[in-house]
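Protein chains in written order, with our numbering: chain L, 71 to 381; chain E, -14 to 260.
Just to be clear, a hint being listed does not mean it is correct.
[Unchecked claim] List time: in silico BS3-like cross-link candidates among lysine-lysine, alpha-carbon distance up to 30 Å:
no., chain 1, residue 1, chain 2, residue 2
1, L, Lys103, E, Lys84
2, E, Lys84, E, Lys126
3, L, Lys140, L, Lys248
4, L, Lys140, L, Lys112
5, E, Lys84, L, Lys73
6, E, Lys84, E, Lys127
[Said to hold, decoys possible] Label pairs and their computed distance ranges (CB to CB):
no., chain 1, residue 1, chain 2, residue 2, range
7, L, Glu157, E, Asp199, 39 to 47 Å
8, E, Asp199, L, Gly139, 44 to 52 Å
9, L, Gly139, E, Gly143, 42 to 50 Å
10, E, Tyr155, L, Ala137, 31 to 39 Å
11, E, Glu258, L, Pro297, 31 to 39 Å
12, L, Glu72, E, Glu49, 57 to 65 Å
13, E, Tyr155, L, Leu245, 51 to 59 Å
Quick caveat, the hints were computed from the structure, so don't treat them as lab data.
All C-beta atoms in this analysis are idealised placements derived from N, C-alpha and C, irrespective of residue type, glycine included.
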Amino acid sequence: MEKQATRDAYGKALLELGQRYENVVVLDADLSKSTKTADFAKAFPDRFINAGIAEQNMMGMAAGLAASGKVVFASSFAIFATGRAFEMVRNSLAYGNLNVKVCATHAGITVGEDGGSHQSVEDIALMRSIPNMLVLAPADGASTRAALFQLYDYQGPAYLRLGRPAVPLIYDDKLDFKIGRGIELRNGSDATIVSCGIMVAKSLEAAQILADEGIQVSVVDMHTIKPVDQELLISKARETGCILTVEEHSIIGGLGSAVAEAVSENQPVPVLRMGINDQFGQSGSPDELLQYYGLTVERIVHNIHNLLKKK
Amino acid sequence: MKAINEQVIAECSERARLMRRDIISMLSESGSGHSGGSLSAADIVACLYYGEMNIDPLRPDWEERDRFVLSKGHAAPVLYAALAQKGFFPREQLLTLRKLGSPLQGHPDRNKLAGVEACSGSLGQGISWAVGMALAAKMDKKEYRIYALLGDGELEEGIVWEAAMAAAQYKLDNLLAIVDNNGLQIDGRIEEVMSPEPIDDKFKAFGWEVIKVDGHDHRMILEAMAKARDIKARPTVIVAQTIKGKGCSFMENRVEWHGSTPNQDEAARALAELA
Ligand SMILES: Cc1ncc(C[n+]2csc(CCOP(=O)(O)OP(=O)(O)O)c2C)c(N)n1
Ligand SMILES: [Mg+2]
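Construct all of the structure, not just a fragment, from the sequences and the given hints.
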């Protein structure tokens, strides 16, 4: 299967956006080679601002630029964009309801060898808790590109969560991507897997294994975590009677929480959350870490078996 | 602190060479990590561990020990090389750098490895830890000293200057900061990306004593560290002029070696140069 890192797709789409729209401004904080904003920087040096190693000032400057009519894309690693600069994102970008898209790469444990200090497993929770913030975690390169173009048209602050390693492409350019609307990639009536980011491809693999066992599960790519697609969740809860959420993020405050909140208030069914179990990450290769923290196809299959017993 | 004599200077120089060799071997084995900034700091760190600091590898928790915070945490290999040579852990363990389950995390973690005093890696935070440690030493009327090593790019973080302000406010003469002034960050030369220069005048304006040295001259480094002990009622910073990638000719002054590692051939060439 063809693979591409979502950060690579971001860099390419950003360049296209820059060619198409003059009011696009990109900010980075000394990580442009890793976040892939470097291509935009090279093509449009007058519309690229390197904040240096100063994420807080980067977000503050983003606010000022957006307040002056620019559409701003600000990038760093997820840990620094949402962690170091949290309060600037909250009080400048979101409270000010400004047109800044925080596009953070190196989210989750698949950062790998850099270790726990660099592995953000709380960023979705942080961003989701802020009023006005839109939160997106696309699953592959094609949906990242679609998300970026829609973000350009979307008015207001947003968080786009991107990853470091190459991941399988699950969509082609015919994909029907709409902010706020989950994508049902597979339909089955026994259970529903709701996932986002790099775990969508693994969920699809698990669904195939389950189908071979005679268990039919639905798979939803919930690329928009806020506002979460309530309507789809309610109908999947009603149709399948249970939901497994799968994300490369803490089980506290992320996709799992968003789904559990929506389902428990509207169509209560058993919900099981798969993710990082309230732990920090550590050094290791991305694949070793996914294994270590139980974010594997086998665990998804295993958890569906468990969940079916609770129905 | 040891008296500065030819023997101590020679030992620091030899230890720095061995540390550079270990850095190359570790990074070549791990296949990821930060070469340039580990090598630029090797002489400074060797002088701390073999000339300046009062530590005991057999008692990593000894209350009276001096404390070193590697604020530029991505240079973890240089810290691990020093700790291993000092005997905090077996040198073979160096080759587990960045591997799953290793205490030698990609960035230093005080809870995983004896001798590591802080959790650093998020730039700028280490100097604040060091200020806190210096405050604690003052509260407890202890004589031990606190050392923090920062990158020049790291100085772009606002927290560094918040910490600098606090250190002067509380007259922390038990704190010595050292800036590894190699002129490079990730996206290019610091003067092109976001210049923190003039570094010396900035620290002076914040109430610090400033000493400038050649960061690869062991005598100068040791003498500056000794001099800092005599500065009272304010913190001292040593601004050390260095070369990123120092000791390995094809890495020297090259920005692309910030976060890349030598392959086997490159490692062999580097080790030959460091023989
Ligand atoms: C808060 C934070 N932002 C960004 C990074 C990513 N980063 C790691 S090293 C580095 C460049 C550091 O440059 P410098 O301080 O000059 O280090 P040196 O040249 O000594 O390696 C950056 C931006 C980080 N570790 N922490
Ligand atoms: Mg530097």
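**Hints violated by the structure (numbers, ascending)** = Structure breaks hints 2, 6, 9, 11.
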